[in-house]
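**Student:** If you're matching them up, the sequences are chains A and B in order. Residue 359 in this note's numbering sits at position 359 of the first sequence, with consecutive numbering throughout. Residue 107 in this note's numbering sits at position 107 of the second sequence, with consecutive numbering throughout.
If you are wondering where the hints come from, they were derived from the structure by calculation, not from laboratory data. Honestly, I wouldn't trust all of these hints.
[As the list claims (entries may be wrong)] In silico BS3-like cross-links for lysine-lysine, where the CA-CA straight-line distance does not exceed 25 Å: (1) B:Lys178 to A:Lys178; (2) A:Lys12 to B:Lys148; (3) A:Lys269 to B:Lys148; (4) A:Lys148 to B:Lys178; (5) A:Lys254 to B:Lys72.
There are 2 protein chains.
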Amino acid sequence: MKNEISIADLYKIQPIGREITISGWVRTFRSNRFIALNDGSTAANFQCVVDFEKFEDSLLKRITTGSCVRVKGIVTKSLGKGQPIELQVQTIEILGDSDAEKYPLQPKKHSLEFLREIAHLRPRTTTFGAIFRIRHHLAFAIHEYFNKNGFFYIHSPIITASDAEGAGEMFNVSVLDKRNIPLTENGEVDYSKDFFGKEANLTVSGQLEAELLAMGLGKVYTFGPTFRAENSNTARHLAEFWMIEPEMAFYELKDNMDLAEDFLKYIIKYALTHAADDLAILDQRLAEEEKSKPADQRSMPLLEKLKFVTENAFQRITYTEAIDILLQSPYHKKKKFQFPVEWGIDLQSEHERYLVEKHFNSPVIITDYPAAIKAFYMRLNDDGKTVRAMDILVPGIGEIVGGSQREERYDVLLSKIRQFGISEESLWWYLDTRRFGTCPHSGFGLGFERLVQFVTGMSNIRDVIPFPRTPGNCEF
Amino acid sequence: MKNEISIADLYKIQPIGREITISGWVRTFRSNRFIALNDGSTAANFQCVVDFEKFEDSLLKRITTGSCVRVKGIVTKSLGKGQPIELQVQTIEILGDSDAEKYPLQPKKHSLEFLREIAHLRPRTTTFGAIFRIRHHLAFAIHEYFNKNGFFYIHSPIITASDAEGAGEMFNVSVLDKRNIPLTENGEVDYSKDFFGKEANLTVSGQLEAELLAMGLGKVYTFGPTFRAENSNTARHLAEFWMIEPEMAFYELKDNMDLAEDFLKYIIKYALTHAADDLAILDQRLAEEEKSKPADQRSMPLLEKLKFVTENAFQRITYTEAIDILLQSPYHKKKKFQFPVEWGIDLQSEHERYLVEKHFNSPVIITDYPAAIKAFYMRLNDDGKTVRAMDILVPGIGEIVGGSQREERYDVLLSKIRQFGISEESLWWYLDTRRFGTCPHSGFGLGFERLVQFVTGMSNIRDVIPFPRTPGNCEF
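For reference, chain A alone in the conformation it holds in the complex (with noise of 0.2 Å):
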């Protein structure tokens, strides 16, 4: 019931000598004496103690691992070490079994692989627990920063006729039947059949659209799911994420990555006040993970990690200063990069660890790459060759923040738009904000599940989001 209290408020109250009433999961029922309880509003569970004298065998003998009940009973300081307080348990009412031989959760260290399988049962356990609480947590610290900052919150549309990147494998959004699917005279898929009258997709970005509204409100942010249809099997790639995409009218490059910056510094700050209790759990999960790893290849403990991030500034770096690093590097002279590296090359997660890990030793951000190998709208560098991306790399990750000024000149847009043979009637509404009243503005893109990897510690972003989509995996 709504008013019973949760286990999170009563280890803050500690209201010893009333009596309560709490509702929970058991998690463990030790010497048919010790319940240890968790309603999921935090980490720790709650010491239950029964007089098995008086109640009666077969009411004890459902309160089982994963069985959810609801008790009565005394708040008392607790003798035992492990709690400050303890209930002494005066009734028991068990609100739903869980039959012992069947419940597939054990009181037993369980494989993340497994886990996945039971993604709709994970959420019980202490690691996924503490995972989502920080999730939370850290989507709440966004919204917090942004709306203190000024930003406005927007919804860029999720279904679209337009693809940002120009580029990037969508999903098709469609009603049509597809064992009948009508076709225009030339053979190709008559979509004026279908329910928006023209192709359509799931969206890659927000960015385009969250532009469109910075040109009206000044500062805004999207914070919504995108979408990829890459056949990417890996501990990185989701085929279903979430972005978040600020967009600021009047903000230069350097504006941006400042911002960038604070914002991160800001969050995870959050997430160490905030969640201590449930990082503290993953910062001892990724001890032991690590632990059977040589001593050489360990990572930075994990609470050590977002603390030094806080607390240092980040390196600043041009991509040709980037470059310079590479070719100068013992690893290179070595022949220990498998990629070549020359100016002009798309930067390999090999090279971004090595500027990151080895050479830095610290989040980085690296800016004014090529023309080339970057998005249309980027703003165009007076040298002619280069463009005011930045891209934010933390250790451990890789890219997490991918930004840059856009190009807000109607003529150098338009001839970019042509050079990546995007069509520009497609883009009639973006190319109008920089035919009325254009400025500069800037933008980035943060990739949710990357941070929280990153503040979680945990390496396979499958772990990360409560229901993961990914190639063949559509299940809850």
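Chain A is already provided as a structure; the job is to place chain B on it using the hints.
**Tutor:** Only chain B this time, still in chain A's reference frame:
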């Protein structure tokens, strides 16, 4: 640039005597002397006073409606009546021209229909600036409310192989080549060849997945896009809209109603406090619009209506009582209802309006609907014929919230699933929650655009979302 002050802050701080720089878009340029500048941070323009003798004619001519300028000058008290402070301009930089002949937004009243066609530019108008800022404040208030009250924000999947409502027209999501659809031996579409290896659609609700999380985390909520492929070209329907769906373990129907009422009042109060200026603009707009109606058909002024809702208890009646009220009503006796009234019917919008606007003149919560007209997952009452549903109806909008206590009993749920002809194999994970540690729980859904309509007084739902998706309309 980032370090420029926003107009919103300028009005707050009123730094008289200080030299400042601001950037924004010209709303009007009066008598070659007064620029009304807007930067989107607030509805209010900022008056910039230009001594035309100090500037070249060629520059003054470029200060047109829609152009983007950066001005530097000294803040002074304003001698005019419209504003407390103004800027004595020293320098003017044109950031972006706007050809007065071609710019679609002239400084005059445009119809909402026309503005919908230029949805990429309408955020630059006073009305839509206000609407989208209010939309932001409502969204933030929602996150703040839940965060304060111990709820965790979760992301339920957008692409799904399940159909929560057991009905609803859905958009199919696919990467299959439509000119070459693979078929099985039986002539069915062979979805095993598709991206997810099975048929996948856009979600109509995140509720079932939210329930899974609530069984681990206790109290959760979603705030994400949902979809309906209904061919409804009305002022009340969108193909893509945003929903908020809280789901709470241990909440029964009454707790659910208490939460929904408290929640709605909180977010409306938040808007009244944090978006007072923008609401005043829309209050005025609605009053103008209402003038064209006969006096007895005018609705309550916007601000009055919002305050009324926050200050009065919602009426709570059962469906059976609602039917009795309708049967006893003079409307029914005079045969003014178009649709028949009898126990078992789905209430029509004319019935809802009568209850809310004529009989109670207040928001109304109707509970305990006939099982046959509600979804399979709603908890069956002991009478065997009604379910613990609740709908909240508000003046002018009708249903804004729909919720229920969920059926937590495995056997009852299974028989309902079979009765509704839903595949129980596809819901194995949902049924699992009732097999392992089930508990009473409840939740509801709030249509975000309906809420924004209610708070802004906009009568067409296409005017409260930046880029509406409707049949035949997927522009921008």
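**Student:** Given the proposed pairing of Lys254 (chain A) with Lys72 (chain B), does the C-alpha separation stay at or below 25 Å?
**Tutor:** holds (21 Å)
**Student:** Run the distance test for Lys269 (chain A) versus Lys148 (chain B): straight-line Cα separation, threshold 25 Å.
**Tutor:** holds (19 Å)
**Student:** If you draw a straight line from the CA of Lys178 (chain B) to the CA of Lys178 (chain A), is it 25 Å or shorter?
**Tutor:** Holds - the C-alpha atoms of Lys178 (chain A) and Lys178 (chain B) are around 7 Å apart, at most 25 Å.
**Student:** Verify the proposed pairing of Lys12 (chain A) with Lys148 (chain B), using a straight-line Cα cut of 25 Å.
**Tutor:** holds (15 Å)
**Student:** Is Lys148 (chain A) within 25 Å of Lys178 (chain B), Cα to Cα?
**Tutor:** violated (47 Å)
In terms of the numbered hints stated before, the structure departs from hint 4 and from no other.
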